[in-house]
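J.: Spelled out, the chains give:
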Amino acid sequence: MTTEVSAQGLGIGRDQVLGAARDYGVYVAIVLLILINSVITPHFLSLDNLRVQLFQAVPVLIVALGMALVIGTEGIDLSVGAVIAVAAALIPLYLGYGPWPAIAMALAGGAVSGLVGGSMVAFARVQPIVATLALMIGLRGFAVILNGATAKPVNDPEITGLGLDSWLGLPEMAWLAVLLVVAVAFLVRRTTFGRQLTAIGDNRAASALAGLPVRRVLLTVYVISGVFAAFAGVLLVGHGGYADPANYGLDYELLAITAVVVGGTPLSGGQVRVLGTAAGALFMQLITATLIQHDVKSSYEQMAEAIIIVAAVYAARGRARP
Amino acid sequence: MSEVVDKSSVHRWASGPTATSTETPKERAQTIAQRHGSAAVLMLVVVAACLLSPGFADWSNFQSILVGNAYTSLLALGMTFVIISGGIDLSVGSMFALGGVLAAWGVQHGGTSVAVLLPLACGGALGTVHGLLISKARLAPFIVTLAGLLFARGFLQAMSNEGSTTYLVPPDSAFLAVGRGSWAPILTAVVLFAAGGVLLLRTRFGQALFAIGGNEQAAVLMGLPVARTKTLVYTMSGLLAGGAGMLNAARLQSGVTNIGVGYELTAIAAVIIGGTLLTGGAGSVLGTASGVLLLAVILNLIGVHLSRYGSSASDLVNGAFLALVVLLQTVLSRRRGLP
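Which chain is which? The protein sequence lines are A and B, in order.
Sequential numbering of the first sequence, starting at 1, is according to the numbering used here.
Sequential numbering of the second sequence, starting at 1, is according to the numbering used here.
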């Protein structure tokens, strides 16, 4: 991780430039985007617009936080979008018992999914991409069977409040996201668990030989990812006022992975950049918003996103390879 | 990855097509179970369905299963090569859709030859770009082809006014002959799968592919053309996906824009169920064929018996099935390699 960068000659080495681009690029890009938008986009800096952007970005951000932990262990979680659908299907099912039991059931659904995926990775040593791929395919079908193909309205004031209300001018869900970012950053930087997580991502076999609780850590990481995804599902149901498992959370795995990668976390594991991940989610939302507010067609927006992803991974590559 | 995994991959490769007879009988049984397990399960399911499910054992039903999956099976064929090389290609669903739109556009703007060549050229070109980014720039296949998925989808949306224009193939166009008929699609798939099998087992390219998937560093040290082989694999996958989309457009008489979403998942599932290891270095085209057919037969049975749940039930079954196969596979391959 702390590889010596050999500055060639007098100038700054290529590796250093790429390393800096990876470490701080996303923050610089956000500042640049905001500056550019404040000039070219009318009403961009208004509080209303800021709120709209946060409502869009927060669910992705929360999913991306869990994804960052999984990627830190050299894993990947493709099931998050389907977990969002399961959470959305569980809420109307248990709303009869009150909003909080319904939310608890949704989160429990996410935890169970994480437990299944995590067990396959931790105990059976299935590759994370296949284990969560199976969940991704299966859970979406399960959610639609649970709910039926049509969307159900959810009018509970507690749940819609979670998705729509604001506090001190910013969405409640944005404050919750800030709490989660702080909590995950603390988990990664200041706890034994965080150390174990990155050690396993660096070298699973060596961690096992060193006596680290590899299986327990892996299991926990996938459960966290599942619960975070389910929480994002709760927020989406609250924001939309509908539970629509057939359509909620589609492509969220892609958005979350992109946010993590753009934020500078290497896919090769061993490192988790929590603030970078949050910035990555905001950055992708800002790109989308900029293009939409200037009537760029969504097709061109998709192509731009594709190029940004490749560019971000290319920049990240500079440090990951010695 | 760790040393341990590398060792097991080498072991798997050594027991691949050029097997030296150093295996114990038990190991050989496990290899056979892994390689031909899907074919055995396919036979069991087909026999059971013929006996238990009325209307299944009918020639027209068989034909509809085969024709309905002939073109999408080509995605799994390309995916087999990619996965044996140790990579993955998430872009094939989008490329399939793009191939169809390009073909239908090509008929209107240039005629049959344009309609046939344009999807192949675009699919091959995009695939080559993936391959170069993966083999030369050394980016992760997962991310590169994910970007490719977005790019191809965006490109076809831009071509079709955000999906609002569907290019139709005129009913008198010669292009329709390419994909029509009840035998042509099946024969196309059979010929291409056979060619894929020969390529994999009887050529230097195929041998290099197994070596690279088994242990890339060792393949480099052996002097194999690693970068070229890896690039070609993605070119092939792109060609097959674009071509399959083109053939499908000829069958549907139009370039449907919202087709192909999630096809990459089905293709990957079919390949893995067919016994190809996602870690690379082992796999077979025949296994993929039986994986595709197995998923298709299950889908067909679900359509008959669980139709009130629609495609959700088949998703659920496919997911559960994939999990089961992967678990079995991991157990089988671990006994042979890892301590």
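There could be a bad hint or two in this list.
What the hints assert, rightly or not - DMTMM-like mimics (lysine to aspartate or glutamate), calculated; alpha carbons at most 25 Å apart, straight line: (1) A:Lys-152 / A:Glu-74; (2) A:Lys-297 / A:Glu-74; (3) A:Lys-152 / A:Asp-165; (4) A:Lys-152 / A:Glu-172; (5) A:Lys-297 / B:Glu-162; (6) B:Lys-136 / A:Glu-172; (7) B:Lys-136 / B:Glu-27; (8) B:Lys-136 / A:Asp-165; (9) B:Lys-136 / A:Asp-48; (10) A:Lys-152 / A:Asp-202.
Derived by calculation from the structure, the hints in this document are not laboratory data.
J.: Does each hint fit the structure? Answer for all of them.
T.: Status of the hints after comparison with the structure:
Among the hinted pairs, Lys-152 of chain A with Glu-74 of chain A is inconsistent with the structure: their alpha-carbon atoms are about 38 Å apart, more than 25 Å. For the given pair, Lys-297 of chain A sits about 35 Å from Glu-74 of chain A by alpha-carbon distance, which is inconsistent with the 25 Å threshold. Distance check on the hinted pair: Lys-152 of chain A and Asp-165 of chain A sit about 21 Å apart at the alpha-carbon level, within 25 Å; holds. Proximity of Lys-152 of chain A to Glu-172 of chain A is assessed by CA-CA distance (about 24 Å); at most 25 Å being required, the pair is judged to hold.
In summary, the hint linking Lys-297 of chain A to Glu-162 of chain B is supported, as the alpha carbons are separated by about 7 Å, within the 25 Å threshold. Pair hint Lys-136 of chain B plus Glu-172 of chain A does not hold up; C-alpha atoms about 46 Å apart against a cutoff of 25 Å. Distance check on the hinted pair: Lys-136 of chain B and Glu-27 of chain B sit about 37 Å apart at the alpha-carbon level, beyond 25 Å; violated. Distance restraint check for Lys-136 of chain B and Asp-165 of chain A: the Cα-Cα separation of roughly 49 Å exceeds the 25 Å cut-off, and the hinted pair is therefore not satisfied.
Annotation: proposed proximity of Lys-136 of chain B to Asp-48 of chain A is violated, straight-line Cα distance about 46 Å (limit 25 Å). Taken as a hint, the Lys-152 of chain A and Asp-202 of chain A pair is broken in the structure, with Cα atoms around 44 Å apart against an allowance of 25 Å.
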